[in-house]
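Trainee: Here's the letter readout for the chains.
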Amino acid sequence: MRTRLSDDELAVRDAFQSFFQNECSPAVVRAAAEDTGFDPHLWEALAAMGAPGMALAESVGGAEATLSDLAVVAEVAGAHLAPVPLIEHAVAARAIHRAGGHDDLVGELAAGTKLATLALRPPIDQTARLVPAGAVADVVVVPTVDGLMVSEGTPSKLRIPNTADLPLADRDVSNAAPLSGGTTNREQALDEWRALTAVAYVGLARQAIEIGVNYAKERTQFDVLIGTFQALQHGYADAATQVEGGRLLAYRAVWALETGQPDGSRLAGMALLFAAQAARFATDRSLQYHGGYGFSEEYDIQLFHRHATAWTLQLGEPALEYARLADAEFGARTVSADQGGAA
Amino acid sequence: MAEDQPVESPEEFRTRVAAWYAANATPRQETDPWAVNLQTDPAEAAKHFETSRQWQAKLADAGLMGLAWPAEYGGGGGPGWMTRIEREISRDYEEYTGFAGATTAMLGPALLRHASEEQKQTFLPALLSARLTFCQLFSEPGAGSDLASLGTRAVRDGDEFVLNGQKVWNSAAQFCDWAFVLVRTDPDAPKHRGITFLLLDMKSPGVEVRPLVQINRATHFNEVFLTDVRVPVANVIGEINEGWSVARTVLANEAAFIGGGPKAPASDNLRSLARESGADKHPVLRQSLADLITRERVVGWMGEQIQAAIRRGEMPPMDPGLIKLMTADIRARSGTLAMELRGAAGLAGDEPETFWAQSELVGRFAISIGGGTNEVLRNNLGERALGLPREPGFSKDQPWKDIPR
Chain G
1 MRTRLSDDEL AVRDAFQSFF QNECSPAVVR AAAEDTGFDP HLWEALAAMG APGMALAESV
61 GGAEATLSDL AVVAEVAGAH LAPVPLIEHA VAARAIHRAG GHDDLVGELA AGTKLATLAL
121 RPPIDQTARL VPAGAVADVV VVPTVDGLMV SEGTPSKLRI PNTADLPLAD RDVSNAAPLS
181 GGTTNREQAL DEWRALTAVA YVGLARQAIE IGVNYAKERT QFDVLIGTFQ ALQHGYADAA
241 TQVEGGRLLA YRAVWALETG QPDGSRLAGM ALLFAAQAAR FATDRSLQYH GGYGFSEEYD
301 IQLFHRHATA WTLQLGEPAL EYARLADAEF GARTVSADQG GAA
Chain R
344 MAEDQPVESP EEFRTRVAAW YAANATPRQE TDPWAVNLQT DPAEAAKHFE TSRQWQAKLA
404 DAGLMGLAWP AEYGGGGGPG WMTRIEREIS RDYEEYTGFA GATTAMLGPA LLRHASEEQK
464 QTFLPALLSA RLTFCQLFSE PGAGSDLASL GTRAVRDGDE FVLNGQKVWN SAAQFCDWAF
524 VLVRTDPDAP KHRGITFLLL DMKSPGVEVR PLVQINRATH FNEVFLTDVR VPVANVIGEI
584 NEGWSVARTV LANEAAFIGG GPKAPASDNL RSLARESGAD KHPVLRQSLA DLITRERVVG
644 WMGEQIQAAI RRGEMPPMDP GLIKLMTADI RARSGTLAME LRGAAGLAGD EPETFWAQSE
704 LVGRFAISIG GGTNEVLRNN LGERALGLPR EPGFSKDQPW KDIPR
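Keeping their order, the protein sequence lines are chains G and R. Heads up: the first sequence begins at 1 in the numbering used here, then just goes up one per residue. Heads up: the second sequence begins at 344 in the numbering used here, then just goes up one per residue.
Looking at chain R on its own, in the form it has when it is part of the complex (with noise of 0.2 Å):
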């Protein structure tokens, strides 16, 4: 038991991952650095998803996984500094937790925090170990920024409740076992206070999953639509009528994790199109680039910044919106530089230079609208960060069936 041993020290601990991963893991290969995944093939993405769910499933058998969460739902219970250091080190190796990672860092501080015990009991081991896959059932078709106003209507009928609805922008959702799904379970009480936060078996009957095609022709989300599909009441998270509380929680780590993702800087890339064109002597376009390249510096301190205090378990020193802001507005001038610079050929040909210049060009509005517009993340900074007045007409007291839809 992790109590008897001695504590390990953080060069003791790293030289005990570094040798696991050396054990089991594939060095890094030197990347194509032009390489856009798109995965427009369904096969692909569904072998993809697998991959990284068995990649989760060993990093937990190995205890790897949850370093930092309680050690009775399935973690190392240790010091934050253990995740960092795990981290760097899997940098330097091929595989990857890909979207069950992303889940677990979302929905997992949720659960830790909200659900009963039994429930983490039951679901952190699970998530921990990608055991079971869980896709975020959130958005409407009628409530985007605003989601609060959803309407998708559960209907409590004795030990279930019996949803009714439709959900869009639903990552990854034809893979996964479980969802977290948001509901209206209280329509007479104002908007905000009568939505629950529920787990669901995406194999329950009456739940339909459909792909959306993106700009790029990705497929990468899916509408789901839910009919007469039936949960156990035991399935809340939190109280019934509170979810609004436990959806804020994934919500905030879902844009710290849009934001901050580990990506190499399009700078690169750019400085390569530059130097192979002689844009880099060009005087306007050298300029814009190094413009970027300080954005690009700026953005990257900003996320140590915020997953330094995280680990800490501190207050962020600044709103995680900020970064989401940031990356947005560098995405566009990249996407932008990319096509300058790359002219007539950034246009056409199948080049993969080519591929992603235009990847690059349309990529920005994944990070400027999915996770929160640009807009709301601005309303959201002057209101919450700045002190400023909430614009005017919003009714947070009105009984959720009587706004206006």
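Same shape as in the complex, but just chain G (with noise of 0.2 Å):
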């Protein structure tokens, strides 16, 4: 496994870092959130640069870019909350592409003028629920028992409040229709979601990080700066060093996935939540560390903060995705609630 980026991916970071610096400034997110979450301008320029089919083959206009190039403008994107499902976008055109036949479709896709999205669990009664960018997809990705489906619709535009001003929305999935590929696509698809997104968390929790430190070089309370106080620095080691092994367990299950490796999709449940965990140790950090200022409206460390609660959500309960990490290293689990603790 490799533990560094690749000059090319080196490459692909620096020009997406200073994209997002320069077109995603927390004033974009603000906008964003007081409209439907989704900020279309941000998107089109993403797709000027490429990124909505950069992990798709150069047969159906894709770059032909690796799952790894793909994490690490995730990791950028998670950095600056960019207000655009990029992830669920280009895991749900990958999805379509493995099963085939949708050329056109996913022609629209790679160029970024049609907008798919990853339904993270089954519809229930033709109804996907909290569908991540379900308020402004055009093709919505959903998984069954069987595999997967796909249903474009005309997107409401309406989102279902939530705490980080998602543009999450229920959508009807009636018309899906099945895509070829079973379970093992529906899994690959899943999966790929859990580890960019363990990857954007890495990219969320570092911001945090960084906002928090800055910060603490500003602030002076008792005649100091206050990021010379043990208290607050041990808390930002502790965060920083969370966030470290994040990033090297998600780049691994980014890896992993990508060379169909039998442990990718272990790891790929458990960088989502160890990831998930880092980035909320380390904003939680963060804002207590601000002060009142933190609890604020105005300073950014509370967009962080709401952000960091909110994408592993979209899954489910947390102790479900533990749960089915468990039944992986253990087989699943056969004991009742109440013998689970004595056995």
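Keep in mind that a hint or two might mislead.
To be verified - Dumping the calculated DSSO-like pairs for lysine-lysine here, alpha-carbon to alpha-carbon at most 27 Å:
#, chain 1, residue 1, chain 2, residue 2
1, R, Lys401, R, Lys463
2, R, Lys739, G, Lys217
3, R, Lys744, G, Lys217
4, R, Lys390, R, Lys401
5, R, Lys546, R, Lys463
6, R, Lys546, R, Lys390
Read the hints as simulated data drawn from the structure, not as lab findings.
Dock chain to chain to rebuild the complex, using the hints, since each chain is given by itself in its own frame.
Mentor: Quick look at the structure:
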């Protein structure tokens, strides 16, 4: 396994780093939050850079970049809380492409002229609930018992109110058509989402620490910069430790999925849970060490704190993800709750 | 007069107060356990403030405010158990004294201890009856955890001080008639020794209040800008330049108040969420919930111990900061657990349970930051309760004006 970014990946990172720095300031994030939670101009600019199709085959208009390249972009997008469903779009487009037979649609997705997303849970009564980017996506890929289905429709542009102002919405998927590839394609898609979202969490957490550390180097109390207090230093050191660990794990999971390693699915699950926890811890510490200003709407750290909780919850109760992971490690659990502790 | 009457027994007192409440107050309805009252609507917040102020005035008319305060300042002059019994009875009724009542509990003891006879005659009855309401103007943008570094200047001009500066985190400042404010009167003295505690009429020219929006969109707090505000020297509480000791009396009462507020334990709602989702059968979640319930019990008993000591006029058996720290820890756990139990439904939607879970998640910061951050409280515990040496680098004796900022 590689532990450093390749020169190509570094070039990708630098390009998108300066792109998001210029195009996705906190003001842009706040403006999108007041609207649907999606910024169409930012999406168009990303499309102009080839981001929506970067990890698709050249034959359908993609750039044939690796999943690791995509992860590099996801990390930078996460660090800027980019109000665009880059991960969901890429994962959904790749799943449709893997299924085969939708070349026109995949071409539009590669160009970014149509927006796709991935519902993370099976529909109930023909409705996919709380779909990421469901308020704005033209195409929804839906997991089912047998595999994946795809539904096209006009988005409502109305989001369900939520803690991170994400463009979440329920989607009627009664017109969904099955995609070939069965459960293998479904698991690949969900695992790619887990691993890439883990990487985005790492970006978010690193940025939250950086914001907090910069504040600690500016804010004076008790006649000294608050960064001199060990109470803060230890908190940030713990956060940085978790984030570095999360980063290794997340990129390892991406690489394992890309290269078809047998533990890819398991690593993707681990990475999501670990990185989400690291992001919650990092934003929690950073907000706390801002003091009262952390609790005010005006300072950006509150945006990071709200996003840190939100992304994983789209998947459902974290306990279910941990249970899935434990099942993978130990086999399915059969003891009842009453016996659980004593067994 | 009280001394001419036979002393009332606790039972007689309870009967009398219960009868008064039955005749004057509304029995508590079955409350919605998921209700979160952030008062994001300013008109609603103003109405709420006024209603609770009027309720306190009514209690004062009936002789039920300041039961243990000296009678010469409008109190009842009675024993401490009267306060406890009155509180117990009041819990069964809808009405409560709200912000005015909280300030009375924080500012009242400081005035009793530090104010002049004339000031006590003037302000204590007004405070008790909520005829005047007071907000606290302590923190500044540059003086939060390090409150004693505050820089709002008060320059003497004859019989008046002229105030200039900015305050922040001022609860209910938009509604209050008066304020108690900390100002810098001697910049040449070390920082703790050049501060004066003043009472300020909020209608004075040069006082401007601006709301602060919180992470949860509530505007409970304000910024207050003071520009050439003139305050009579007669409004100084305690001695000029010795306001820090008055402030400490207020802050000690505030910490106990924030940490020990009467609030239904979060575990009641978490139990409901767990039952509803079947998570009460989940081996990990049910254990986390059991752990939380244990912690809630511990902090509840700590609070009772401290309150009992305060009622007896004794030193609390433990630092009140302990309660606030532990409450902050419990709120962090309950917030996380609420989101874990609720899952995707905790993230989005307009169900009251969702809003409660989200509010629980960020509400912890009100406890772990407001009224003194966890970090400062831990330092205080290390230094005061455990007797550990101070962190290096503090310039306690340096003149305030020479401290780098």
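Trainee: Please go over all the hints and tell whether each is borne out by the structure.
Mentor: Comparing the hints with the structure gives:
1. R/Lys401 to R/Lys463: At roughly 21 Å apart (the allowed maximum being 27 Å), R/Lys463 and R/Lys401 satisfy the hint.
2. R/Lys739 to G/Lys217: Since the Cα atoms of R/Lys739 and G/Lys217 sit roughly 22 Å apart, the hinted pair holds (cutoff 27 Å).
3. R/Lys744 to G/Lys217: holds (22 Å)
4. R/Lys390 to R/Lys401: holds (17 Å)
5. R/Lys546 to R/Lys463: With Cα atoms ~21 Å apart, R/Lys546 and R/Lys463 stay inside 27 Å; holds.
6. R/Lys546 to R/Lys390: It holds: about 20 Å lies between the C-alpha atoms, which stays within 27 Å.
This entry satisfies every hint, going by the numbered hints stated previously.
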